[in-house]
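There are 2 protein chains.
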Amino acid sequence: MSEYSVVGKRIPRTDSVPRVTGEAKYSADLSLPGMLYAKVLRSPYAHAKILNIDTSKAERLPGVRAIITGKDAIPYKWGVFAYTRDMQLLPSDKVRYFGEEVAAVAAIDEDIAREALDLIQVDFEPLPWVLDAEEALLEGAPQIHQDKPGNISVRIFVDEGEVDRALEESYLVQEDRFSSPEENYCQLEPYAVLANFDSTGLDIWCPNAGPHMKARPLSNALGIPTSEVRVRKITIGGHGGGRSEVSPADFMAALLSRKARRPVKLVYTREENFNCVRQVHAATTHSRVGVDREGRITAVDMKVIMDGGAYASTGPIAASVAYIMIEEAYKFANFRYEAIRAYTNKPPRGMYPHHPRTAYGGLELQLDVLAEKLGMDPLELRIKNAVYEGYVTPTKTVITSCAEVETMIKAAEKAGWKEKRGALPPGRGIGMGVGSVISGFPMGIRGGSGAFVRFNEDGDATVISGVVDNGQGNDSMIAQIAAEELGLSVDKIKVVTADTSMTPADQGAYSQASTVMSGGAVKAAAADAKNQLLQVAAEMLEANPKDLVARDGRIYAKGSPDRFLDIAKVARTALSRDHAILGRGDRWPSADAKREWVKNPRGQVASAFSFGTAVAEVEVDRETGRVKLLNMVAAHDCGYPINPLAVEQQIQRSALEAGPEGTLLEKHAWTANGQNLNANFLDYWFPLSTDVPNIDPIIVTSNDPFGPFGAKEGGLSISVAMVGAVANAVQNAIGVTPKQLPITPEVVLRLLEEKEKQSEAKS
Amino acid sequence: MSEYSVVGKRIPRTDSVPRVTGEAKYSADLSLPGMLYAKVLRSPYAHAKILNIDTSKAERLPGVRAIITGKDAIPYKWGVFAYTRDMQLLPSDKVRYFGEEVAAVAAIDEDIAREALDLIQVDFEPLPWVLDAEEALLEGAPQIHQDKPGNISVRIFVDEGEVDRALEESYLVQEDRFSSPEENYCQLEPYAVLANFDSTGLDIWCPNAGPHMKARPLSNALGIPTSEVRVRKITIGGHGGGRSEVSPADFMAALLSRKARRPVKLVYTREENFNCVRQVHAATTHSRVGVDREGRITAVDMKVIMDGGAYASTGPIAASVAYIMIEEAYKFANFRYEAIRAYTNKPPRGMYPHHPRTAYGGLELQLDVLAEKLGMDPLELRIKNAVYEGYVTPTKTVITSCAEVETMIKAAEKAGWKEKRGALPPGRGIGMGVGSVISGFPMGIRGGSGAFVRFNEDGDATVISGVVDNGQGNDSMIAQIAAEELGLSVDKIKVVTADTSMTPADQGAYSQASTVMSGGAVKAAAADAKNQLLQVAAEMLEANPKDLVARDGRIYAKGSPDRFLDIAKVARTALSRDHAILGRGDRWPSADAKREWVKNPRGQVASAFSFGTAVAEVEVDRETGRVKLLNMVAAHDCGYPINPLAVEQQIQRSALEAGPEGTLLEKHAWTANGQNLNANFLDYWFPLSTDVPNIDPIIVTSNDPFGPFGAKEGGLSISVAMVGAVANAVQNAIGVTPKQLPITPEVVLRLLEEKEKQSEAKS
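As you go down the protein sequences, you meet chains A and B in turn. Residue numbers in the first sequence follow the numbering used here, run continuously in steps of one, and reach 767 at the last position. Residue numbers in the second sequence follow the numbering used here, run continuously in steps of one, and reach 767 at the last position.
Hints in this document: simulated from the structure, not taken from any laboratory. Just so we're clear, the structure is a prediction, and the values are computed from it rather than from any experiment. Careful: at least some of the hints might be erroneous.
[To be verified] Non-contacting residues of chain A with respect to chain B, defined by C-beta distances greater than 10 Å in every case (computed):
#, residue
1, PRO79
2, ILE116
3, ALA145
4, LYS152
5, LEU176
6, GLY448
7, THR507
8, ARG606
9, GLY629
[Claimed, not checked] Using C-beta positions, here's what the derived DEER-type ranges look like:
#, chain 1, residue 1, chain 2, residue 2, range
10, A, TYR8, B, ARG581, 29 to 39 Å
11, A, PRO16, B, SER6, 53 to 63 Å
12, A, LEU634, B, ASP462, 54 to 64 Å
13, A, TYR8, B, GLU393, 54 to 64 Å
14, A, HIS290, B, ASP556, 58 to 68 Å
15, A, SER96, B, ASP556, 52 to 62 Å
16, B, PRO79, A, ALA531, 39 to 49 Å
17, B, ILE156, A, LYS550, 46 to 56 Å
Backbone N, C-alpha and C fix where the C-beta goes; we use that ideal spot for every residue, glycine too.
Use the sequences and the hints to build the structure in full.
As structure tokens, this is what we get:
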């Protein structure tokens with residue numbers, strides 16, 4: 005008999021049917037009696053003072069019910085930390101990017117709302133603007149925020165060991181500059197909010213990763229207690245990090261509803277959803293890495309400049325993840341990392357759980373170059389530098405479980421690495437990348453997850469959790485965890501999630517924490533309920549509750565599975581004995597680097613760490629420059645797979661997102677005055693199914709001491725690893741290092757041209 | 005310093021604002037995307053076989069999305085007990101009353117749905133019918149249910165002591181027959197349901213007294229687990245007992261939604277809301293009561309016949325409450341009570357928490373007659389027969405707390421009883437009545453209430469309870485209880501109630517149990533949360549948690565209120581120490597008469613008992629027969645008033661309902677073929693504000709050991725007591741016993757005529 009009955013089993017996700025049949029409702033589908041429709045007036049300048057807004061004409065338009073401008077906002081600025089509070093959710097002083105919110109209208113239909121926008125008269129005073137991060141950091145650049153001299157939004161600095169001496173003493177040092185552009189999250193569901201502000205407070209539905217986290221800034225911005233903000237679960241059509249934060253759309257819909265005393269729905273257009281929501285940072289990375297004669301990494305010295313756009317957003321976290329991921333992926337004692345996130349007059353860039361690609365992707369390219377120079381197989385070099393369980397990083401994070409080497413070996417085996425590397429026909433290449441990501445991040449007093457578990461009279465159970473499911477399968481995951489802990493089958497578990505008025509607070513589906521945090525809380529609450537049930541069963545069986553187990557719908561004494569009670573019977577007996585079985589539990593990250601970690605990044609930064617290795621095979625068309633992905637293999641150490649099917653889907657999703665999307669296709673372009681040139685799915689390159697090759701997902705297990713049933717996050721290390729794999733495959737195919745992402749046909753042609761020139765120069 | 009900071013204070017109810025501003029939404033106000041509208045085809049016969057239903061024409065009408073008939077229902081019959089399951093929620097064999105459901109249509113608008121009804125062809129075979137309970141019990145009467153010979157729906161029989169001998173040995177025996185007609189609940193909100201049946205189960209909003217209790221029959225009728233029925237809180241415009249049960253409307257809306265795969269809304273017309281929902285039983289009572297020379301009651305012998313209409317409904321409970329109330333109100337050792345609830349071809353009669361009026365109202369009239377014969381003041385006679393704390397009734401129920409005598413004295417004082425009784429001018433009268441009702445009824449495995457309490461990061465708390473508020477102030481009541489227990493002010497308590505998918509099971513707002521059961525559960529859950537908080541505070545204060553108290557927003561050691569911590573600070577410290585404060589608790593009735601009590605009515609029938617005395621003053625116009633109410637005084641023993649303002653409102657409401665409504669005005673009338681003649685507010689007599697005199701509410705306290713803070717129910721004893729008070733005032737004014745309710749002008753004129761004839765005959 006296997007250790008577990010429910011977890012570790014491949015099951016169809018419990019949320020699949022409503023999504024497939026179309027019965028699942030998204031925010032834009034909702035309606036409330038008396039609901040109004042909102043539209044937003046946006047800035048036609050990248051940078052301008054707002055001198056005056058005259059809404060009087062618009063107010064007189066029949067059907068208009070409320071108009072708001074920055075004057076209706078209380079002086080509150082949003083930011084994840086005190087020092088990054090720079091964004092008034094509807095600005096009143098000036099606009100800082102092309103498309104920023106200036107005013108919003110609620111009317112009885114969308115046409116009238118749109119018409120009203122044209123009647124609002126805004127006097128702007130255009131200001132000089134800057135669209136490039138490095139330029140923004142130069143002296144004399146236009147100042148975007150009064151109190152942020154030099155346009156520095158965030159600076160992260162880590163300096164451990166003796167980096168300069170170590171590099172000096174290294175056998176080889178590789179130094180490069182890598183760059184990557186803005187990417188879009190491309191959620192297929194446009195951002196939409198339904199808000200109803202009444203005497204009891206705010207009721208709001210919107211796509212987001214953490215309702216409980218969203219309630220706080222909304223309560224601050226509206227000047228009401230957190231408990232008067234009710235953020236509800238709703239089906240979500242994509243997140244990817246871009247829906248981590250409170251959105252001006254949430255605030256505007258809420259404020260319009262408060263003013264109009266009616267429910268208000270605001271649905272972003274596709275263009276707004278490309279331009280006026282968070283985007284992924286552009287970045288450059290200057291990286292030096294040293295190795296000794298045996299290929300051991302001696303030191304890493306990295307400087308990252310990120311284009312943060314007009315506001316800080318979750319910048320401190322976005323600017324930090326690179327150093328954490330690099331530290332976790334390979335062992336080396338000397339590490340310097342500096343990240344500067346600059347303000348520019350572009351839309352604010354948000355959270356991406358594995359960014360910038362130029363940091364870790366660049367490092368992976370450099371490792372292959374060094375391996376080549378050392379005459380080593382890149383796999384061998386990576387195995388030599390892999391971390392292990394119990395390893396302590398330079399900044400004193402302990403790796404709690406680790407099967408990194410196993411992911412390297414299994415991915416290489418499946419991809420035919422040994423047979424293919426160096427043996428492929430001209431124009432083809434195979435490359436490898438490695439990645440590590442965190443699970444369960446320190447987030448202060450909002451960093452814990454709680455859960456309730458309720459036994460019902462039919463003998464089934466209800467799990468009440470504040471976590472949301474952005475599409476990754478969280479609902480299904482917590483159902484499996486509860487079922488295993490309670491000894492029930494999954495169909496006996498009802499999951500109810502994310503209504504901030506009822507569900508215990510939850511840290512949100514951020515930072516790959518859902519399984520370890522929300523799942524852990526559910527496990528604890530289920531254990532609490534189970535223990536109460538076992539007490540009743542013990543009376544019925546005349547046994548010691550400590551000797552009893554609940555499994556497969558039954559309760560019995562260990563070793564005596566034949567003398568059992570049905571759980572449903574025990575649950576009903578409990579009720580007949582005047583005992584309502586209600587469980588509660590919570591889970592907090594085992595991270596001692598709380599709160600202070602950004603300013604003083606030392607200590608345990610996360611509760612668990614996952615590892616992955618990707619191998620990609622490409623064919624490069626030397627005529628057109630086009631890179632065709634032939635195959636992707638991805639092995640991921642997820643600790644323990646709660647649902648192997650879901651983990652495989654997550655591995656595939658990560659491979660897709662990092663490979664064809666991130667490494668080969670996606671980028672935003674801008675006009676000289678800061679207008680987004682490709683804010684639509686026609687001009688923005690996004691992979692079609694024909695761009696995606698076979699993806700082989702491989703699950704590797706370790707057994708994490710923190711995660712429920714040993715689980716960690718399920719697949720994201722591949723989003724890191726696959727960048728290096730694809731980039732290295734291209735490097736392998738063409739013999740030149742692609743230092744610019746995405747590796748578009750133009751980039752490849754230019755690289756080939758440069759290479760030709762160099763060999764011509766040499767000859 | 006008073007014992008309590010929050011409970012016992014007069015506060016405006018926390019739910020008042022949304023009701024007053026109109027922002028509160030009722031079921032009929034709701035809409036869902038893609039929603040359809042339903043209409044119901046009803047029987048034009050009081051009793052008929054359904055031979056065939058042809059829906060084909062209606063189905064072809066454009067815009068019609070689903071039609072259901074009894075054939076779509078699974079063979080499930082609803083009833084509160086196994087032996088009363090007689091009602092298929094949409095009948096397939098025959099109809100049993102004029103207006104019963106035959107088919108229902110869901111269409112894209114109401115007009116089309118109504119048009120479709122006309123296209124449904126039903127072949128009926130009319131059957132003989134019976135409209136009177138006593139006739140229905142005669143041999144040869146039409147059989148309404150195959151398996152219920154003699155049309156006996158329910159029979160309750162209690163026989164304690166030696167009734168016949170005691171009556172024989174009595175000094176005086178009074179014997180009468182009283183009758184009362186059907187009344188309507190007259191909820192101002194017509195019944196309305198919104199149902200959405202999808203792959204996850206049923207979501208339903210409807211006015212009802214117990215969402216958790218409603219989920220079960222709906223799950224049975226639909227053949228799905230209880231946990232797949234989600235009944236939600238919604239503002240409710242009146243209940244009064246009539247919304248205790250599952251309604252055919254709920255079932256039809258759910259079934260239509262399942263068939264159409266779209267949300268369906270069904271809103272009853274005013275006529276349907278008068279005729280096709282539950283009504284209050286008509287009844288006759290034959291009562292014999294004996295007293296000794298000193299006016300002590302020796303025995304009560306009562307036979308009640310109730311007209312139950314076509315189905316059992318909650319008949320067993322409705323037929324039992326009279327004996328419980330009579331037993332509780334006065335002490336006497338010998339008691340025989342028989343109630344027969346007969347089936348008739350009228351709409352089914354439902355729960356009324358204090359019925360039939362003819363039982364207790366009749367007894368009160370008889371006591372006044374006996375007092376007169378004994379030459380005693382009716383007040384004196386009542387004091388002599390009052391029960392007391394610790395008293396054990398003939399059927400072995402213990403009175404746990406009691407201030408009955410105090411209610412008598414205070415009501416009499418306030419009403420000027422001593423000065424007025426016997427001293428009023430001709431045509432005027434003053435009368436007294438006494439009543440007792442239960443709190444916290446035994447209801448089996450669904451008889452408990454649970455609650456969760458969650459501390460929030462702002463330091464306020466959320467109460468999660470399954471109870472609903474039908475208008476009586478339950479939300480406000482549990483907020484006060486939680487606030488007191490947690491040491492917070494009421495504005496720091498958020499109340500979230502009644503969503504069966506999330507809230508702990510609750511026995512419902514039935515049987516005056518909300519305060520003792522739901523309130524008790526909330527108190528227990530709050531105590532659980534508070535104890536966790538005190539643990540954290542104890543660490544902070546370096547104190548023993550047992551020595552700490554939480555009060556007025558602070559935590560401090562008993563006796564050292566100056567060395568305190570703000571609760572909000574402790575709550576945040578708990579979070580910063582990785583502790584989510586989540587509390588859970590439950591409460592069950594302290595009643596040993598569970599489940600079996602109807603068949604074998606012995607033992608503790610309720611957890612607590614409240615008592616009340618009413619005094620009414622009337623003026624009778626001997627020309628027109630009109631009774632004008634001049635004044636009402638009502639003193640109620642509520643144990644402890646959680647919110648005195650709310651208790652006074654409940655006392656006034658009860659006085660209104662029993663006095664002008666029940667005793668003087670309300671009755672239904674029928675055509676010979678069973679059609680309701682006055683199913684509207686024009687023809688049905690309902691008091692206007694001009695019919696209502698001053699009402700003086702008086703709160704009397706006892707201290708119940710079961711209820712939270714000593715509380716019991718808040719006002720309903722007056723619904724019992726006021727019937728006797730008004731009827732006795734009329735008796736006092738005209739010198740004849742009014743044996744027929746309501747005491748309409750015709751009744752008074754007939755009584756006066758009879759009296760005249762009798763005195764003529766005598767002279």
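Consistency of the hints with the structure:
no. : hint                            : in the structure
1   : PRO79                           : holds, 20 Å
2   : ILE116                          : holds, 21 Å
3   : ALA145                          : holds, 39 Å
4   : LYS152                          : holds, 29 Å
5   : LEU176                          : holds, 46 Å
6   : GLY448                          : violated, 7 Å
7   : THR507                          : violated, 8 Å
8   : ARG606                          : holds, 19 Å
9   : GLY629                          : holds, 47 Å
10  : A:TYR8 - B:ARG581: 29 to 39 Å   : holds, 32 Å
11  : A:PRO16 - B:SER6: 53 to 63 Å    : holds, 60 Å
12  : A:LEU634 - B:ASP462: 54 to 64 Å : holds, 55 Å
13  : A:TYR8 - B:GLU393: 54 to 64 Å   : holds, 56 Å
14  : A:HIS290 - B:ASP556: 58 to 68 Å : holds, 60 Å
15  : A:SER96 - B:ASP556: 52 to 62 Å  : violated, 40 Å
16  : B:PRO79 - A:ALA531: 39 to 49 Å  : holds, 41 Å
17  : B:ILE156 - A:LYS550: 46 to 56 Å : holds, 53 Å
In the structure shown, a violation is registered for the earlier hints numbered 6, 7, 15, in ascending order.
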